[in-house]
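Using our numbering, the letters of the sequence shown map in sequence onto residues 3 to 378.
Hints are computed from structural coordinates only; laboratory data are not their basis. Small disclaimer: the values here were computed from a predicted structure and weren't measured. Quick reminder that beta carbons are idealized off the backbone N, C-alpha and C, glycines included.
Using C-beta positions, here's what the derived DEER-type ranges look like:
id: 1; residue 1: Lys74; residue 2: Val285; range: 37 to 47 Å
id: 2; residue 1: Thr279; residue 2: Phe347; range: 37 to 47 Å
id: 3; residue 1: Lys240; residue 2: Lys153; range: 14 to 24 Å
id: 4; residue 1: Leu66; residue 2: Ser97; range: 19 to 29 Å
id: 5; residue 1: Glu244; residue 2: Pro340; range: 52 to 62 Å
id: 6; residue 1: Leu88; residue 2: Ile341; range: 54 to 64 Å
The list that follows gives simulated cross-link-like pairs (lysine-lysine, PhoX-like), each with its CA atoms no further than 25 Å apart:
id: 7; residue 1: Lys119; residue 2: Lys38
id: 8; residue 1: Lys313; residue 2: Lys326
id: 9; residue 1: Lys52; residue 2: Lys331
id: 10; residue 1: Lys331; residue 2: Lys121
id: 11; residue 1: Lys45; residue 2: Lys119
id: 12; residue 1: Lys119; residue 2: Lys313
id: 13; residue 1: Lys52; residue 2: Lys151
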Amino acid sequence: MTKIYWSPWKHSRIALFLLAILGVLGLLLIESCKVKKEQSYFKKKLHAAKLAERGFQILKPELLKHKKPDYKEFDPSNSGLIGEFLTPVTSNSGSLPAKQTSINPNFAAVMVQFLKKAKVEEGDTVAVAISGSFPALNICLFAAIDTLKLKPIIISSASASQFGANHPQMLWLDMEKELESSGIFSFRSSYASLGGIQDKAAGTSKEGKDLLIRALKRNNVKLLDPIHFEDSIEKRMKYYDELSQGKPIKLFINVGGGTTILGTSLGKQVFKNGLITDLPEEVLIPNSVIKSFLERETPVINFIQIESLAKRYGLPLSPKKIPKPGEGKVFYSEEYNPILYVSVFLFLLIGLYGVTRLGWGENEDDRYLPKTLRSR
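Produce the entire structure from the sequences given, and follow the hints as far as they go.
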């Protein structure tokens, strides 16, 4: 004879069914009623994003003066920060969607997060490499550096890829000088190379090189003029050391995919987005500025592959209008409402206890087991 300790036939089938339905509805409610929680360093991130937005606004009137009538086809947000397809100072090809995606002040918040992860503190000296290819990201980086009160040593590349800061009269060097003159930032590039192939605009026309050199002169920026690729790396490291005035460089920050900075195509594959603290042991990395800093055990922050970075932090791809500061996963995370899920759990627990132990919903027919189950 088999003794039955528990059987659903002893309890109200309707009550159990309703309890199951309510359980499913409770789970759906928990899933759909998540609460937003502020991420770490929220106030600093928001401050940096607002500062970047202000930088965009300062440059916009002057930038739009140099645009062609069909400009909005490339720049639907009308930011002025998208350059032309081809000019004499264009260094190489560029991705239009990546440039459009970069025009988002909330990238400044992403940069604050990376800088905090690198554990830099107020007053620390950081080395910076930027080009004209992503002017909006440069502004975001400046905003993050200013917000955290770091001391940057900046070496730029004067030229830009397609759709970057490639108007001969409004290169990145002109933009950063305008930002400094407006009082929003107190720093800009100390040196600049011509950029492009071998960091000396190899393959660029004589007209293009002349325009780049004029830009350096009118903005009072010293020329970094390498003999070849390796010389460019050596000179950049030398100038960073000289300009640090004996203070330790706590971090190297790169924006964009310059060959001198990342190395050859292999270096571009190995050095991904975000914070890098060690050289990979299994791969022989070509010489580059990033490799040189990592060999000194100086951490590196690398800002490349902008579209994947945007997806990671919930920022829109190729937005039709410039997003407002404070949008994206970098500011808020979605979490389950603890009050709601505890309430649903307790409700189901009490309901299950009531049906199985207190006989809620029972009727006379449910009190008896079928004869076949009472004995064998």
